[in-house]
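> These protein sequences, in sequence, are chains A and B.
With this note's numbering, you'll find the first sequence wraps up at 290, consecutive numbering, no jumps.
With this note's numbering, you'll find the second sequence wraps up at 671, consecutive numbering, no jumps.
No lab work stands behind these hints: they were computed from the structure.
Cβ coordinates follow ideal geometry from the N, Cα and C atoms, glycine included.
Any given hint might turn out to be false.
Reference excerpt, derived from the structure (chain A facing chain B, CB under 7 Å, subset only) [said to hold, decoys possible]:
#, residue
1, GLY140
2, THR156
3, LYS223
4, GLY246
5, GLY255
6, THR258
Below, simulated DSS-like cross-link-like pairs (lysine-lysine); rule was C-alpha separation at most 25 Å, straight line [to be verified]:
#, chain 1, residue 1, chain 2, residue 2
7, B, LYS402, A, LYS276
8, B, LYS425, A, LYS115
9, B, LYS313, A, LYS243
10, A, LYS243, B, LYS528
11, A, LYS223, A, LYS243
12, B, LYS425, B, LYS497
13, B, LYS447, B, LYS400
14, B, LYS402, B, LYS425
15, B, LYS522, B, LYS313
16, B, LYS400, B, LYS388
17, B, LYS670, A, LYS243
18, B, LYS292, B, LYS402
19, B, LYS363, B, LYS388
20, B, LYS465, B, LYS454
21, B, LYS319, B, LYS388
22, A, LYS256, B, LYS363
23, A, LYS256, B, LYS303
24, A, LYS115, A, LYS144
25, A, LYS76, B, LYS345
26, B, LYS388, A, LYS243
27, A, LYS91, B, LYS454
28, A, LYS256, B, LYS388
Below are the chains, spelled out letter by letter.
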Amino acid sequence: MSILIDERTRVIVQGITGRDGSFHAASMLEYGTKVVGGVTPGKGGQTVSGVPVFNTVQEAMAETGATCSIIFVPPKFASGALREAADAGIKNIICITEGVPILQMVENYHYLRTKGVRLIGPNCPGLISPGKSKVGIMPGRIHKSGRVGVISRSGTLTYEVVYNLTEAGLGQSTCVGIGGDPIIGTGYVDLLSLFENDSGTGAVVLIGEIGGEDEERAAEYIKSSMTKPVVAFISGRTAPPGKRMGHAGAIISGGKGTAEAKVKAFQDAGVPVADKPDDIPGLLKERVGD
Amino acid sequence: MKIHEYQARDLLKAYGITVPPGKVAATPKEARAVAEEIGGGVVVKAQVLVGGRGKAGGVKLASSPEDAEAKAKAILDLTIKELPVEKVLVARSIEIDKEFYVSVTVDRAKKKAVLIGSAAGGVEIEELAVKEPEKILIFEIDPIAGIDQQGLDAYCKRLFGNPKLASQGADTFRKMYRLLKEKDCSLVEINPYAQLPDGTLVAADAKINFDDNGVPLHAEVEKMRNPEEYSKDEIAAKEAGLSFVSLDGDIGCIVNGAGLAMATMDIIKLFGGNPANFLDVGGSSNPEKVLTALQILTGNKNLKAILINIFGGITRCDDIANGIVMAQKQIHLQLPLVIRLIGTNEEEGRKILEKEGLAASENLSDAVKMVVERSREGQKA
């Protein structure tokens, strides 16, 4: 079992003829993902890696039966692409695009909710259910199928953590990169609850960073509602206040969003916080009694 | 992106919000001329992109144009939190009956724009939020329907007390929200929002921040950018497509990905070292980027050692290795270099490095331990 995507998930790629879209469409196909179509306005009728390209999401859905879309379009077209997918009836959207203005995302977030859409991202690496499906840009081969769920705001840091899990023999059920922006579609709490209810997941690794208070809310949720063990890691313990650390969301401002507050929230919730990524497998094994 | 108070005042004015008469001045003479034009008492305020200028002596009252010139000279000689004061705002000194706080921003948790107001203005809102949170009133804006007018009127009555002030306040809030949306601001703040003896409310100070993701959509906003917001290195990095923040340690870091870059800094600290910077080379791996990154880093004279940590995904290890080799040849790197390469095309990357006599570690903790040792050797030498 896994959450959100599996071997039956039929995926279209919005922005498939672009540099990133075409590269990752090929890489997802190679991993075994059912990439059934792509969308680029004005380029319908072409093929990319053997996958048919359509002018609109609606056409692509009608022809392919897709249920999931991954978006690679440039930031100024991202809101349009999100709404087009939602209007066409896609229920799972993964937005890789980085640089979508925050106020546009505020509107998109609420619009997509009224349409009953689950959005992952934007500015995220996507997600993978190892051995079943990859809808994202992560290197597939560092993953291994298993029972650990992974949730992270980061990209390469997630690879680092997953690599350490796999090396230690701990496979993953699903790994989700939720994105590094201040306004994202799906947060920690939504995913913790999905993992809690997924029979294929036995434990969860949560990777957070400075900025906002999502980790604090996740800690509250874990304390009140999770039975499965969770191990956390927080990056940015040495980051100075007021400076944006790459991600738009990774900034300590007005005394909020510090690493100390997040570490403390997890410790108060009984969640061990690893000092380094390679300490995570050990902490997990202690908790699941391996 | 941050802008100065005088720039923020201009924007508020353009949106129809009243600000006391005033102008920016770059020299004491200019300040005097502005004071003459305004007439009467003025306030001279340092224009710097950091808070705490009042405590640093950057805000002074002046009773005459001569006095304004003298006060401007004193303030223009100041350096506030390492930023030299290059401009002052000279504005009419106003008599204030009461100070309010008003702002518009995006609430990350609620995923909505919110109006924030307090009848206890003039102080740091963060301090107030901790000490007396009940004095802060928040109004949520429906992202699709916009501001609920009746709700806003009721909110302003609670905030301002009397109906005359409330209707001015509601009007200002509507204008601030329009400004926030139209220019992709992350914050529009007026503090104090000052009540004059005649009962009018004016913006006695102004702070506007922009969402960096929105700036490219607005050429007129980009024009307001102040180069001093970032260090020279930060600007050079930005131009090369790198994300860079300088810190005060002695171990330079080059990492791909913001989360991993932060974690690398943290692990350096954990092993007793001190990171000199945050540097994310980004996703697409162009060897030139590694060269630029190393050039920026080696400009820092405090540096004792460099760590390159790459987890290849989209970034290819062979591209990174080529960049390192190119940099070795072009800038004759003298500092100890510790490399950690793993992920996409790592074997190819390792081979390229080996040919040049460079080794790369696979394990992050090992690499960090090594670079911390090298930096210590450098400190002794």
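> Run every hint past the structure and note whether it holds.
Going down the list of hints, with the structure as the test:
The interface hint given for A/GLY140 is broken, as the beta carbon of that residue sits about 10 Å from the closest beta carbon of chain B, more than 7 Å. Look at A/THR156: its Cβ gets to within about 3 Å of chain B, closer than 7 Å, so that hint holds up. The beta carbon of A/LYS223 comes no nearer than 18 Å to any beta carbon in chain B, farther than 7 Å, and the hint placing it at the interface is violated. The interface hint given for A/GLY246 is met, as the beta carbon of that residue sits about 3 Å from the closest beta carbon of chain B, less than 7 Å.
Given hint, A/GLY255 at the interface with chain B, holds; its Cβ is 5 Å from that chain's nearest Cβ, closer than 7 Å. Interface hint at A/THR258: violated, since its Cβ lies 13 Å from the closest Cβ of chain B, which is beyond the 7 Å cut-off. Distance check on the hinted pair: B/LYS402 and A/LYS276 sit about 35 Å apart at the alpha-carbon level, beyond 25 Å; violated. At roughly 37 Å between alpha-carbon atoms, B/LYS425 and A/LYS115 are farther apart than 25 Å, so this suggested pair is violated.
Our distance criterion of 25 Å between C-alpha atoms is broken by B/LYS313 and A/LYS243, whose separation comes to about 30 Å. Taking the CA atoms of A/LYS243 and B/LYS528, the gap is about 14 Å. The hint holds against a cut of 25 Å. Our distance criterion of 25 Å between C-alpha atoms is broken by A/LYS223 and A/LYS243, whose separation comes to about 31 Å. About 21 Å separates the Cα atoms of B/LYS425 and B/LYS497, which keeps this hinted pair within 25 Å; it holds.
For the given pair, B/LYS447 sits about 24 Å from B/LYS400 by alpha-carbon distance, which is consistent with the 25 Å threshold. Distance hint between B/LYS402 and B/LYS425 is fulfilled; the C-alpha atoms sit about 21 Å from each other, no more than 25 Å. Taken as a hint, the B/LYS522 and B/LYS313 pair is broken in the structure, with Cα atoms around 28 Å apart against an allowance of 25 Å. Pair hint B/LYS400 plus B/LYS388 does not hold up; C-alpha atoms about 31 Å apart against a cutoff of 25 Å.
Straight-line distance between C-alpha atoms of B/LYS670 and A/LYS243 comes to about 31 Å, which puts the hinted pair past the 25 Å bound. Of the supplied pair hints, the one linking B/LYS292 and B/LYS402 holds, its CA atoms being roughly 21 Å apart against a limit of 25 Å. Simply put, B/LYS363 and B/LYS388 have alpha-carbon atoms about 30 Å apart, too far for the 25 Å limit, and the pair is violated. A distance of roughly 17 Å separates the Cα atoms of B/LYS465 and B/LYS454; the hinted pair therefore holds under the 25 Å criterion.
Between B/LYS319 and B/LYS388 the CA atoms are separated by roughly 33 Å; this puts the pair beyond 25 Å, and the hint is violated. For the suggested pair A/LYS256 and B/LYS363, the alpha carbons sit about 37 Å apart, so the restraint of at most 25 Å is broken. For a cut-off of 25 Å, the pair hint linking A/LYS256 to B/LYS303 is broken: about 31 Å separates their Cα positions. This hinted pair does not check out: A/LYS115 and A/LYS144 have alpha carbons roughly 34 Å apart, beyond 25 Å.
Restraint check: the Cα-Cα separation between A/LYS76 and B/LYS345 comes to about 42 Å, which exceeds 25 Å; the hinted pair is violated. At most 25 Å may separate the alpha-carbon atoms for a hinted pair to count; B/LYS388 and A/LYS243 exceed this at roughly 34 Å. At most 25 Å may separate the alpha-carbon atoms for a hinted pair to count; A/LYS91 and B/LYS454 exceed this at roughly 49 Å. A distance of roughly 29 Å separates the Cα atoms of A/LYS256 and B/LYS388; the hinted pair therefore is violated under the 25 Å criterion.
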